[in-house]
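Asks: Working from the sequences, and respecting the hints, build out all of it.
Here are the chains, one letter per residue:
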Amino acid sequence: MFEKLMENLKKNPPLVHNITNYVTVNDCANIVLAAGGSPLMADDIEEVEDIVSISSALYINVGTLNSRTVDSMVKAGKKANELGLPVVLDPVGMGASRLRNESVNRLIQEVQFSVIKGNMSEIKALNTSCKNSGGVDAQEEDIIVDENIEESVEFAKKVARKFDCVIAATGAIDIVTDGKRVSIIRNGHPMMSRITGTGCMSGSVIGTYCGSNKDNIYEATAMAAAAMGICGEIAYEKVERMSEGTGSFRRYLIDAVSLMDYKTLKEGASIETR
Amino acid sequence: MFEKLMENLKKNPPLVHNITNYVTVNDCANIVLAAGGSPLMADDIEEVEDIVSISSALYINVGTLNSRTVDSMVKAGKKANELGLPVVLDPVGMGASRLRNESVNRLIQEVQFSVIKGNMSEIKALNTSCKNSGGVDAQEEDIIVDENIEESVEFAKKVARKFDCVIAATGAIDIVTDGKRVSIIRNGHPMMSRITGTGCMSGSVIGTYCGSNKDNIYEATAMAAAAMGICGEIAYEKVERMSEGTGSFRRYLIDAVSLMDYKTLKEGASIETR
Amino acid sequence: MFEKLMENLKKNPPLVHNITNYVTVNDCANIVLAAGGSPLMADDIEEVEDIVSISSALYINVGTLNSRTVDSMVKAGKKANELGLPVVLDPVGMGASRLRNESVNRLIQEVQFSVIKGNMSEIKALNTSCKNSGGVDAQEEDIIVDENIEESVEFAKKVARKFDCVIAATGAIDIVTDGKRVSIIRNGHPMMSRITGTGCMSGSVIGTYCGSNKDNIYEATAMAAAAMGICGEIAYEKVERMSEGTGSFRRYLIDAVSLMDYKTLKEGASIETR
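Chains as they are written, first to last, in this note's numbering: chain A, 1 to 274; chain B, 1 to 274; chain C, 1 to 274.
Accuracy of the hints is not assured; some may be wrong.
Since the list gives no way to pick one copy over another, a pair counts as held whenever it fits inside one copy or between any two copies.
In silico DMTMM-like links for lysine to aspartate or glutamate, alpha-carbon gap of 20 Å or less [said to hold, decoys possible]:
1) Lys10 x Asp137
2) Lys266 x Glu150
3) Lys263 x Glu110
4) Lys11 x Asp137
5) Lys162 x Asp137
6) Lys10 x Glu140
7) Lys11 x Glu141
8) Lys11 x Glu140
Note that these hints are calculated values from the structure, not bench results.
Replies: This is the structure:
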């Protein structure tokens, strides 16, 4: 399946509209290009519908949300729904503030998302609107590990069914599910959390892969999660070998995404499907 | 001529005021520094006049324009005109939305630009306000190649005369013209379009080179286009040799700009003048 | 002392809330992570109090200030004061515009800062509201050198007492003082001023180190200034050895911060205390 998805990406490079935060926006644009797409980054409410209309997918990330951009996100999301484009949501820091909870809840009510991607604390806050005091990182007790994998999978499936979308719960282990099928992905490296933007870039890669594979959103999302994890492993290997730091890690991560192909994916992916 | 322009840059390092998009703003600031200038990045309407007043050049880029910054751009541009500073416009994505067309048209009506730089789709949209559905990349049929070079040159000259400015139409081949003189520049590498910000950085380098060479805007613009192209070639060579990806390419590109000197420029430039 | 401060950083990694400019915001987030903390970057007035409430320190940087964010900065600063968190101010470009002077003066009146960090032109403008026409760089006559070190120290001490905070006046030589104690730090390399964001990153590192060392603000600030200087030296050494440019320098600088430990700090720091 992944071979076909990769081919589609090559044959129909997607235009990916990103409405995202100003912290990692440059990383998002670069990773869309590295992944084989072309990024569009407009966020003014007066033009988001025009931009969505020429796009293949929409990625919404609330990292540094404000009232101006939330309105743009809703408008863009509705237009994308109208046109049948994949729409990916990254509810960054969900649970960390009232504004964040209200904005994300509004987005979820007004827009039908194809994929929602977040760490387990964000996914939990999504479901319960509970308080998450860990900021943008997952709370200790929410991190997906082998000990809690069964209940994590069940929880992710439940949320996927509730919002009728694919859930990508990311962490040391990633869970991707459409409510029925499940991919448990054991790729990646802890150093990925020592640079900013890894999560946002994963979201943009999901948007890119889905943009060329509208009929296989679940598979494209699992492929993106595995690909990012493999790239994290490749980047860490280089950093380790040369005794380098996080600045170099970031560069190697983007390098690896730009060099990703089916062979690397196939050999590197550690995916358990259920 | 370039030798003299380079000397002026060293002798009078310019302060370059950039009002630009939040995607590649960091790249723009870094490339101004790499090119030998000092960047100023203010965009609030209450301070742009103060900032223009201490600057040597102004670079305006509409990449992620919104109503707030368009007003600042107009105000800054008028002040720069009043003070006789070079003003460079980058009409990113011109043609991709109504807001973009209206904003750029307003800028062109209210501000006299010294240089307008864009890919051929943007330059065409500038002239005709026609629809450009390719987003921020040039449409297939607009890319400057040897087959359409004659008509592309004539078109660029016409637009330069119409707006009484230097036009830099960039692509696989760059055309720089003041409406009479023409430089056709065959430098660069396709990998430049696989990172975000190459175009924006080119605009900032034009602003930097013009900032120290106010009486030679046409020549300084041609020099900037050639220099960026050569740096793209140098960066690609390194990436190729080491089998690296786009993250490394970006680093080598900035490295090369920071190491650019007259010797490298003279040996590497492939410029046909008419 | 530094050994203890470093241990605290490891034992209690701080959540650092940064309200900063959109030019170097990505560098700030990455350097907080590199320095051992976790960055929070929210700036909407509706959520800054919630975010401050889960943070260990607040860093305010006026690089691209506008009316929207100044209100958020004041609100966040007051909340941080209420909670007893360290608050660091970076008055970027102070003196370069009326808006900047008024905004920074408002911040200083409404918020009690723990540390104010800037180049000597900014620190002077802070004290006198005098005009600074050099943009974001220090004026020639304000640069701290051995010839003016005595009067620079006395001036910094006076400003520290006036604002009842630690002053970090940065440049070729850094002066850190709480009005009584003084650290004169001779680390760093001129190439640090050839990339954007060095100053902003220093501010974020101060915020990070202070976040885990609330009872030793003066020492943590001196340690941050020395650490950044040492990292600049390490980065320059690599660039020099490989004949690389400013793009590589930036990467090595972030690498070095992420690899900084007590041993490197102890061996590399050149600090004269008074």
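Asks: Evaluate each hint against the coordinates.
Replies: Now for the hints, and whether the structure bears them out:
1. Lys10 x Asp137: Between copies only: 17 Å across chains, 34 Å inside a chain, cut-off 20 Å.
2. Lys266 x Glu150: Neither, since 25 Å and 48 Å both go past 20 Å.
3. Lys263 x Glu110: neither (40 Å within a copy, 55 Å between copies)
4. Lys11 x Asp137: This pair counts as between: shortest inter-copy Cα distance 17 Å, intra-copy 36 Å.
5. Lys162 x Asp137: neither (24 Å within a copy, 39 Å between copies)
6. Lys10 x Glu140: between (39 Å within a copy, 17 Å between copies)
7. Lys11 x Glu141: between (43 Å within a copy, 19 Å between copies)
8. Lys11 x Glu140: For Lys11 and Glu140, the Cα distance is within 20 Å only across copies (15 Å; inside one copy 42 Å).
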